[in-house]
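Line by line, the protein sequences are chains A and B.
When you line the first sequence up against the working numbering, it's residues 1 to 131, in that order.
When you line the second sequence up against the working numbering, it's residues 1001 to 1130, in that order.
A few of these clues could be false.
Lysine-lysine pairs mimicking DSS-like chemistry, simulated, CA-CA at most 25 Å apart [what the hints assert, rightly or not]: (1) Lys-28(A) x Lys-1128(B); (2) Lys-46(A) x Lys-1128(B); (3) Lys-113(A) x Lys-1062(B); (4) Lys-2(A) x Lys-1122(B); (5) Lys-2(A) x Lys-1075(B); (6) Lys-4(A) x Lys-1122(B); (7) Lys-28(A) x Lys-1122(B); (8) Lys-28(A) x Lys-1061(B); (9) Lys-46(A) x Lys-1079(B); (10) Lys-46(A) x Lys-4(A); (11) Lys-2(A) x Lys-1128(B); (12) Lys-113(A) x Lys-1122(B); (13) Lys-1079(B) x Lys-2(A); (14) Lys-1110(B) x Lys-2(A); (15) Lys-1081(B) x Lys-2(A); (16) Lys-29(A) x Lys-1081(B); (17) Lys-1075(B) x Lys-113(A); (18) Lys-1081(B) x Lys-46(A); (19) Lys-4(A) x Lys-1081(B); (20) Lys-1012(B) x Lys-105(A); (21) Lys-46(A) x Lys-113(A); (22) Lys-46(A) x Lys-1122(B); (23) Lys-4(A) x Lys-1079(B); (24) Lys-1061(B) x Lys-113(A).
These are computed hints drawn from the structure, not numbers from a lab.
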Amino acid sequence: MKVKIISIPVLDQEAALQFYTEKLGFLKKVDVPLSEHSRWLTVVSKEDQDGPEILLEPAPNHFEPAKVYQRALFEAGIPYTQFNSNNVQQDYDRLVALGVTFSVKPTEMGTVKIAVFNDTCGNNIQLVEML
Amino acid sequence: MTYYLTQITRIKETCYANQAQLDTVISTRHYIDHHYDKELNLDLLSHVRFTSKFHLLRLFKKYYGQTPGQYLTDKRIEKAKELLDGGRSVTQTCYDIGFESPSSFCTLFKHRVGITPVAFQKRAIFTKSA
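Bound-form chain B, shown alone (with noise of 0.2 Å):
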């Protein structure tokens, strides 16, 4: 058994031991993944896992680094991506991603990829015709 087998599986044994909490968190993710268009928070997050939502928000972090709302941006930021490079709408794009304020979106979206969903659509249709 290499060094790092060694490492990782006592790593899994002391860090992963708790199934019924991964579980919890991994099926959050999941339900996150599935409906980050809808609406979402953690009083519904921690609703459809039958746990409190301090419970819930304290799991998330510990085992994904991030909280359930860190992790639902991230989400919303990279299908609007994957939305405007196949060519729909910003306003379109901000509404299928779950936000309701097509001026909120554009600022998220600036303040996270660097350019305003305007001028990442222009630039992939730029890269696509090169």
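Excised from the complex, chain A in its bound form (with noise of 0.2 Å):
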């Protein structure tokens, strides 16, 4: 078995898309229309454009306790998954500069630099760089 596709929950699967593409950079890799609210949608990291996707799933306009977990995740601040970046600090300062919000400036943690911020799609996300 291989690890092919991690999913994200997202309200809104067009805004979802701009923000991954448009303001972390990721590229779309497959979009396949299933009914009239959804795709089978997913996004890859340029620099590891065979590694994992991210399907940007509409999960919780469509079950509602994926929205409660959603919501719950966000109000704790607690990230629903985490990127790796060769420098927080320097993602940090490009993302505020397109007016993406932190609720974690970069943070040193032992081995590691954190960042969390809102992806506008209900989700907190982790910047994890290795120190």
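These two chains come separately, so use the hints to put the complex back together.
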């Protein structure tokens, strides 16, 4: 078995696609219409286009417990998932300039540096740099 | 302060209070990052940090969750992928990442990546031309 896809629940797939591509710099990989209001929509890292895909899934809009879970994580400030960064401070500066808001500014945590931002789709996402 | 911030503050205070130990493992990791193409072993790494090799082994595993040897292998495989993707020959890649034997390099690469270095390089070329 291989890890090929990780899912991130999003409240609005189109808004999520814009945020993950235009702000974060990911590339759209697969976009398949499934119904009037949902798509199989994945993005990949520009530096690792054959690597794991992120599935931007609209679960919170179709399954109430998913919405409750997502909201509870968000309100507690807990990241839904995390992305690796070569330089958290540089990514923080770049994203802040693009209007992205952070609940945790770049902070050293032992052997890593972390920062947490709002993906505007219902999730906190953590950036991690290994020190 | 959010629940998450409270928790990471607590973890930082309880798990990462010893800055000297952190400095040791972080500088060891950086040394590996900059010398992965050389012959590296625990004796050398501990000598660089003026510490006992078993102490260094324990610290590195404690903070990074893997041994320096495991980390070095990960680093070499990651660099091998970059070099092969850039068109470097398999044999040259083998030597450039610190391996002495192409056959042991190919065996390890296949074990870790799932395909041989040659197949990996062919796939990279195919993907670029697609």
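Each hint, compared with the structure:
For the proposed pair Lys-28(A) and Lys-1128(B), the alpha carbon gap of about 17 Å is at most 25 Å, so the pair holds. Among the hinted pairs, Lys-46(A) with Lys-1128(B) is consistent with the structure: their alpha-carbon atoms are about 13 Å apart, no more than 25 Å. Proposed proximity of Lys-113(A) and Lys-1062(B) is supported: the alpha carbons are some 17 Å apart, at most 25 Å. In summary, the hint linking Lys-2(A) to Lys-1122(B) is supported, as the alpha carbons are separated by about 21 Å, within the 25 Å threshold.
Straight-line distance between C-alpha atoms of Lys-2(A) and Lys-1075(B) comes to about 20 Å, which keeps the hinted pair within the 25 Å bound. In summary, the hint linking Lys-4(A) to Lys-1122(B) is supported, as the alpha carbons are separated by about 21 Å, within the 25 Å threshold. Under the criterion of a C-alpha separation no larger than 25 Å, the hint pairing Lys-28(A) with Lys-1122(B) is consistent with the structure, at around 24 Å. A threshold of 25 Å between alpha carbons decides the hint, and for Lys-28(A) with Lys-1061(B) the separation of about 37 Å lies outside it, so the pair is violated.
Distance check on the hinted pair: Lys-46(A) and Lys-1079(B) sit about 18 Å apart at the alpha-carbon level, within 25 Å; holds. Pair hint Lys-46(A) plus Lys-4(A) holds up; C-alpha atoms about 16 Å apart against a cutoff of 25 Å. In summary, the hint linking Lys-2(A) to Lys-1128(B) is supported, as the alpha carbons are separated by about 23 Å, within the 25 Å threshold. Our distance criterion of 25 Å between C-alpha atoms is broken by Lys-113(A) and Lys-1122(B), whose separation comes to about 36 Å.
The straight-line distance between the Cα atoms of Lys-1079(B) and Lys-2(A) is roughly 21 Å, inside the 25 Å bound, and the hint therefore holds. Of the supplied pair hints, the one linking Lys-1110(B) and Lys-2(A) holds, its CA atoms being roughly 15 Å apart against a limit of 25 Å. At roughly 18 Å between alpha-carbon atoms, Lys-1081(B) and Lys-2(A) fall within 25 Å of each other, so this suggested pair holds. Taken as a hint, the Lys-29(A) and Lys-1081(B) pair is honoured in the structure, with Cα atoms around 21 Å apart against an allowance of 25 Å.
For the given pair, Lys-1075(B) sits about 19 Å from Lys-113(A) by alpha-carbon distance, which is consistent with the 25 Å threshold. In summary, the hint linking Lys-1081(B) to Lys-46(A) is supported, as the alpha carbons are separated by about 16 Å, within the 25 Å threshold. With a C-alpha separation of about 18 Å, the suggested pairing of Lys-4(A) with Lys-1081(B) holds against the 25 Å cut-off. Between Lys-1012(B) and Lys-105(A) the alpha-carbon distance is near 15 Å, which keeps this suggested pair within the 25 Å criterion.
Only pairs whose Cα atoms come within 25 Å are accepted, and Lys-46(A) paired with Lys-113(A) is accepted, the gap being roughly 22 Å. Of the supplied pair hints, the one linking Lys-46(A) and Lys-1122(B) holds, its CA atoms being roughly 20 Å apart against a limit of 25 Å. With a C-alpha separation of about 21 Å, the suggested pairing of Lys-4(A) with Lys-1079(B) holds against the 25 Å cut-off. Note on Lys-1061(B) and Lys-113(A): the hinted pairing holds, with a Cα-Cα distance of about 18 Å set against a maximum of 25 Å.
Hints 8, 12, counting from the list given before, are not met by this structure.
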